[in-house]
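Take the sequences, apply the hints, and build the full model.
Number of protein chains: 2
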Amino acid sequence: MTRDDIGKEQRESLLALISELADLARSETLKWFRQPQLRADNKLADGFDPVTQADRAAEMALRAHLARFRPQDGILGEEFAAVMGESGLKWVIDPIDGTRSFLSGTPCWGVLIALADAQGPFLGVIDQPYIGERFVGGLGQAKLTGPQGTVALRTRETQALSDATLSSTFPEIGTADERAAFQRVSDEVRLTRYGMDCYAYGLLAAGHIDLVVEAGLNAYDIAAPIAVIEAAGGLVTDWQGRKPGENGQVLASANPVLHAQALARLASAI
Amino acid sequence: MTRDDIGKEQRESLLALISELADLARSETLKWFRQPQLRADNKLADGFDPVTQADRAAEMALRAHLARFRPQDGILGEEFAAVMGESGLKWVIDPIDGTRSFLSGTPCWGVLIALADAQGPFLGVIDQPYIGERFVGGLGQAKLTGPQGTVALRTRETQALSDATLSSTFPEIGTADERAAFQRVSDEVRLTRYGMDCYAYGLLAAGHIDLVVEAGLNAYDIAAPIAVIEAAGGLVTDWQGRKPGENGQVLASANPVLHAQALARLASAI
Chain Y
42 MTRDDIGKEQ
52 RESLLALISE
62 LADLARSETL
72 KWFRQPQLRA
82 DNKLADGFDP
92 VTQADRAAEM
102 ALRAHLARFR
112 PQDGILGEEF
122 AAVMGESGLK
132 WVIDPIDGTR
142 SFLSGTPCWG
152 VLIALADAQG
162 PFLGVIDQPY
172 IGERFVGGLG
182 QAKLTGPQGT
192 VALRTRETQA
202 LSDATLSSTF
212 PEIGTADERA
222 AFQRVSDEVR
232 LTRYGMDCYA
242 YGLLAAGHID
252 LVVEAGLNAY
262 DIAAPIAVIE
272 AAGGLVTDWQ
282 GRKPGENGQV
292 LASANPVLHA
302 QALARLASAI
Chain S
42 MTRDDIGKEQ
52 RESLLALISE
62 LADLARSETL
72 KWFRQPQLRA
82 DNKLADGFDP
92 VTQADRAAEM
102 ALRAHLARFR
112 PQDGILGEEF
122 AAVMGESGLK
132 WVIDPIDGTR
142 SFLSGTPCWG
152 VLIALADAQG
162 PFLGVIDQPY
172 IGERFVGGLG
182 QAKLTGPQGT
192 VALRTRETQA
202 LSDATLSSTF
212 PEIGTADERA
222 AFQRVSDEVR
232 LTRYGMDCYA
242 YGLLAAGHID
252 LVVEAGLNAY
262 DIAAPIAVIE
272 AAGGLVTDWQ
282 GRKPGENGQV
292 LASANPVLHA
302 QALARLASAI
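Read top to bottom, the protein sequences are chains Y and S.
In this note's numbering, each residue carries its 1-based index in the first sequence increased by 41.
In this note's numbering, each residue carries its 1-based index in the second sequence increased by 41.
Hints are computed from structural coordinates only; laboratory data are not their basis.
The C-beta atom is built at its ideal place from N, Cα and C for all residues, glycine as well.
Accuracy of the hints is not assured; some may be wrong.
[Stated by the list, open to error] Computed cross-link-like contacts, DSS-like style, restricted to lysine-lysine with a CA-CA straight-line distance of at most 27 Å:
| id | chain 1 | residue 1 | chain 2 | residue 2 |
| --- | --- | --- | --- | --- |
| 1 | S | 184 | Y | 72 |
| 2 | S | 131 | S | 49 |
| 3 | S | 72 | Y | 184 |
[As the list claims (entries may be wrong)] Computed, partial: chain S to chain Y, Cβ under 8 Å:
| id | residue |
| --- | --- |
| 4 | 145 |
| 5 | 186 |
| 6 | 189 |
| 7 | 206 |
| 8 | 234 |
| 9 | 236 |
| 10 | 244 |
| 11 | 247 |
| 12 | 250 |
Written as structure tokens, this is what we have:
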């Protein structure tokens, strides 16, 4: 099946389910975030990786829930083998996007959960457990629930790079060519911000920033952001304007006008 | 008077007062953060600056409260003229530290409030209104209150740069020489994180990161972090190991061993 086969009743049930999954991941990840056992284990240079432990615990909880309520669907997750599924639908899971952020105690990592068909992701959640903030997009929804209540997600109408705010994980990521391409965009925008990991996609969907440029991403890093940003009126492609894919390059924009301008600066780096 | 003249009863009353001030600033800044009027006004390139409006509203509220309850003390704030005072004590206020963070909707700006005597700050609050998180240090307190309840602030015991996590606003700040000095430290640590503004000092005090290196800071940017970090067992100096001052350079560390190692890398940039 595809997104077009999903009726009203099933839509409600999928929205409820993705919310339950995000609740589960929230509770599993907060057992580790900023906790003494994370700090202690982190000192064992060659011991087990506590973030991976938290990742695994959360992903196992999500897989168990899906096995019970959506046994027919596939699963792609960071920590365990893919489940093929039979329905044509696939859950894409990254329980902790932003490992370094998680380890450093910053509140800008997130839980990413998406539902995709053969065309790609069409429902997504970006959840920040510590703040208690959830961005949901797809199946008719585009909303943020958090400390200020619930607000509609809607991307900005910024029409020129010179008015735009850009967020990126550069300079921490990318090849030298990719950094140069990122720099060409950064040089033209009004403001570049760093260190936000997946939280930046939520800010873009909510209309607070205009562009995200990243490299080195995996499929499970970008599925939920695609669904949330598209539901809010924005768009996400690779640096050549194609569906984000194997090369790990991502450009997310508030609107097509800005997207074209950023693409033109990025396009020479393949 | 100095910090040594403050008795037990006055200590309680000053701790209550700084908490009231932080509550006031929280409510004033949240009237603007991520709100439509901030977004709209921000498009008027030559109009008034909405962040400055939010800054001013918050600082006025704090000054009014101080005029009522601590008329004898001095005030140093970002937005209005200094008040000299007669008591020997001075309140140092930055209602929104991290203007670019505030404008971009990220949750890593903060309210900074400190109380200083002639020796420097001895009581400080770093407050993150959106998350509802407050770091308090001084007068016998060192605690964080937030989404996970109240926890004691205590810096880490990391003994080597190679095990340390560093946070900084570089590459956005500093001269070329300062960037080179920052890079010498960054090259040796395990992990460098960006984009945290004053929130990084809270993370250092809470034991989640080990070092903060900054340049271009003002006195009102660093007073509260000094008090909070010192109360948690850490230390803050300029890049020559002196009290932070006119040159705007700051090194904050979890402990003296790490501080000495970072200073050695920074010291050649004056």
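Going through the hints against the structure:
no. : hint           : result
1   : S:184 <-> Y:72 : 20 Å, holds
2   : S:131 <-> S:49 : 19 Å, holds
3   : S:72 <-> Y:184 : 20 Å, holds
4   : 145            : 5 Å, holds
5   : 186            : 13 Å, violated
6   : 189            : 7 Å, holds
7   : 206            : 5 Å, holds
8   : 234            : 5 Å, holds
9   : 236            : 3 Å, holds
10  : 244            : 5 Å, holds
11  : 247            : 7 Å, holds
12  : 250            : 5 Å, holds
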